[in-house]
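Enquirer: Hey, can you work out the whole structure from these sequences and the hints?
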Amino acid sequence: MTSKPIKIAATVVVALAAGAGIYTFMRPAATSTPAAPHAGAPAATPQGAVDAAAISAQLRDLLANFRKIIVLLADEQSLPDGARDEARKVGQSLFHENQERIARLDAMLDQLTASGNPGRFEALDSLLTYIESDPGLYDADRLAFRELLQSMLADVARDGSLPAIKVHKRISEDLDALGEIERNYEKEIRQIFGNLGQRAIELKRERWDDYVAHLKKLYNREQILKEKGIVVPYAVPPGAAAPDSKAEVKKDEAEIFGLGLPKKTIVLSFDDGPHRRYTEEISAILKQYGVPAVFFNVGRNLGSIDAEGHAKLGANAEVARKLMAEGYAVGNHSFSHAQLSKETGDKLKGEILGTDTLLKAISPDRAALFRFPYGARNSEGMAALASAHLKSVMWNIDSLDWADPVPGSITNRVLASVDKAGRGIILFHDIHERTVKALPAVLDRLVAEGYQFAGWDGTSFQVAKSTAPAAEKVPVSTGYANSWAVVIGIDDYARWPKLQYAVRDAQSVRETLIDKFGFAAERVVTLKNAEATRNNILAAFHDKLAHGGVQRNDRIFVFFAGHGATRKLSSGRDLGYIVPVDSDPTQFATDAIPMTEIQNIAESLTAKHAFFVMDACYSGLGLTRGAGSTNFLRDNAKRIGRQMLTAGGGDQLVADGGPNGHSVFTWTLLQGLAGKADLNGDGLITATELAAYVAPAVSSVSDQTPAFGSLPGSEGGDFVFELPAETEFLSPNTTQLSTEAIALNSKLDAKPAAASVTVKDLQGGEQKIVTPSAVPTSARQLAQRANDRGLQLYKEKQYAQAEAQFTEALKLRPDFALAANNLGFVFYKQEKYREAARWFENTVKMDPSRAIAYLNLGDAYAKAGDAARAKTAYQTYLELAPASATAPAVRQKMEKL
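Quick note on numbering: the sequence shown equals residues 1 to 897 in my numbering.
Bear in mind the hints are in silico, worked out from the structure with no lab data behind them. Nothing false has been slipped in among the hints.
Simulated DEER-style distance windows between Cβ atoms:
#1 D61 x Q801: 52 to 62 Å
#2 N529 x Y219: 58 to 68 Å
#3 A64 x S379: 25 to 35 Å
#4 S78 x D134: 26 to 36 Å
#5 Y219 x R276: 31 to 41 Å
#6 A57 x Q736: 51 to 61 Å
#7 N117 x K871: 23 to 33 Å
#8 K871 x K797: 24 to 34 Å
#9 G345 x Q462: 30 to 40 Å
#10 A52 x G229: 24 to 34 Å
Using N, Cα and C, we set each Cβ at its ideal position, and we do this for glycine too.
Expert: Encoded structure:
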C-alpha cells in the first residue's frame, strides 16, 4: 500500500496517522555544550559542505526506529506484564534515539539552508521528494518525518529569496497534508492506540493491519528487544510459585510509586521538559483546575555545566523558574536522559548532580526529587541519589503519550488505568501537543468522580485543601464521543399559515453544526417541509437516535423551526405542541406532537447531553428548572443534561424579519454560536451561556421572550459547544455582513453582558443565569481568541474595535502571522495603505509562503503609489499561486502598473 506523493495536500489520501507527532523534539539550549561527564548531546556538525549521504542515512535510521516502535507496541495488551514492560522501555529508548537523531538532522539542515550555496535548493528538493513520493514508503511511514519538516520550515523561513519561499510553501503543504491525515483517520488511530492498556471490543482496521503486517515482515518484537540486549523469559510455568503481590505495596518504602497514596488520590507528573510552548499550556490547564503537579526536567534543556562545575542557564530555564514560582514541584530527570542502569562512576553521578546544580541555580526551592529515565536504575544509582539527598519517584499509571498520537485514546487509557488502580502517580510528558489536548478531558473526569490531587510538600505527596478551586473557575470540556442532531424546518404547511424563513433557518443551523462544530453530516438528520411529517419526526427520534447507535458519552442537538401551538387542558393547565407539516389545525391535539412526548423522548435518549432549541412560540411546557450546584462545572462531565431553549410564549409570534432570510431568534442563535455567546472567553459555549446571550438579546429587539430550562430527568449537565480556532486570512474576498445584519447586531449587542441576566424559565417564571467567570489560560490561546473576536468585528465593519483585538493578539503572541495579516487588512479597509503595507511585510516575514499576504501587500503598495514594490509582491503571489482564481486579475493589475 505505497502511496502517491503528499506534495499537494488536496490530493492526498493516506491510510493512517499512526506515528504523527511521535518524535516531538525540543532543541537543546544552543548557547552551551554539556561538560565531559554529561555527554549525550548531539555532536556539532563540522563546517563545510553537508554530506547528502549522511542526511539520507539519518533519515532511514529515523524511519527504522519509527517502524520498530510500531511493532513493539502492536497488540501489546496481549503480552505478559514483563514482556510488555520491556517493550515499552525499549520503545522509549528508540524514541529518545530519534530525538537525538532529529537534532543531528536539524543541525545539518540548518547549516545547509544558511550556507548560501546555490545548490542547497536542489538538495532540499531531493530530500522532500524522498519524503513525499519514495515508492518504498507507506503513507504511515511519512509521519515519521513530521518534526523534521517543522524544523525545515523554520530554517527555510530565514531565507527571503523566491526559491526559498517556494520551498517554504511546499513544506507547508506537506505539513497541511499530514494534519489532514490526522483528522481524516483519527477514529482509526483511536481504535489502534485506544486498545493499549485497556480491554475493548475489537474493531476492524484493515488499513492499519496491512501496514503492521508489512512492518512485521521487516522486524519482529523479539529481535528488536534482542538488539537492545533483552531476552524476555518465559512466563511462570504451571504449578510454579506466583510472585507475591503484597511485595508490590512495599515499593513505596524505598521509592515512591504512588501505591501508598490514599484511595482516590492522584499525583500528576510531567517528564522531559521544559518545553518552550507546551509546558506553559499545561501549567495554564493545571491552574484552571487548581491542581498541583510535579515536573521532571532534563538538564540539557535547562543549560550546561562548564569545566569548573558551574551552571550556565539557557532560555528554557526561565520556564522552570516560572513553574517553581507558581508553586509546582520541579525535580531532576537526569542531564541527557540516558539509561542510567547502564551507567557507573563519574558519568552516572554527573547525570544526577549536573541537573541538580542547574535546578539549584534556577531556584533553591527546587524539589529534592529524581526520576530515572525509562524507570531504569541500579543499586549504584540509588546510592548516588541517597548521597545527594534525592528521592526517587516512579509511577504506576503510564499515559503512553510519547507513543500514542491520539489525545482521545490517551485519555481513555489513563482513565481506565486509574479505574483499575484507584490511586497513583500518572506519567505524562510536557513536550507533546497531544498531552495538552488530553489533559483537560482526564481532569474533567477525575474531578467529576471525586478524585483528589496531591502535591509535593517537601517530604511527601499530600493533598492541600487550599488547592481546591472555586467551581466557577474550572472550565468545561466537551468530552463527547459522537455528536448527533435532528434539524427540522417547515415553511410549506398545507393547513396552517405558510412561513417564510423556517427552512432557511434549519439549513443554516445544519451547516453551522457540520462546518463549524464538526458534527458528521451522516449524523445530522434533516427534515424540511413535506419530509417533516409527524411520523417522520418521531421516527427520527425513536429509530435514528434512540436505536441508531447513540452512546452514553454522546451529545444530541435538536432544532425545530415551524409553528407552535398551545391547548388549554380541562385541568386549566396549558400544554404546548410543535406542529408537523401534516397537522390539521382542528385536530392538532391528536396529530401535532405534545411537549409531553418530547419529554419522554428526552428521557429515553442514552446520550450524556441533549439540547432542544425551538424556534416556535407556545406555552404550557410543564417542564422543570435545573437544580443549582456549587460544583456544577466540575460535575458536568458526569451529569446527564436535558435542556431546552424556546423562542417565546404561547401568546407571542415568531419575528420573521431577521437578516439574510432568518427569524430574529435564529439569527441571534447563529450569532451566539459564531462566538458571541462565549461569555467568559474560554473557547466553549454552554447551553446556559447561549441562553444568557440569546434570551435578553431577542427580547431587546422583538416582542418575544425566549425561555430556557431543564427537562425532567436532567441532572444539571450542560450541553457544550467547543469553538474552533478561526484560520481565515482577511483579504478582498472576505465576506462582510449586510447593512441590515450589522444594524440588527448593533442592537443585539447594545447592552453589555452583565454578571447575571434574568430570563424566563420553561414554566413561565423568571430565573437568574449567572455569567461564568473567566478562567486562566495560556498566552497562545488568548491570542487566538483575540484574533477570532477581531474577525467577528471586522465582518461587522467595526474597524477600530477589530484593530484593537488584532493588536491584542500580537501583544500576546508577537509571531502570530494570521493576526498580523488581519491587522494589516483592517488598516487597508480604512485606507491607511502605508500602515497596511508594513503589517503585510511583517506577515510574510513570519510566514514567507503565505500567498494571500503577498496579494494584500501588492494591493497596499499599489494604493500607496509604490508601483515597483507592488509589482514585486504580485509577482511573488503568482509564483506561489499561479493557478488561483484571482491570478488573472492580478496579472491585469501588474499590466496597469
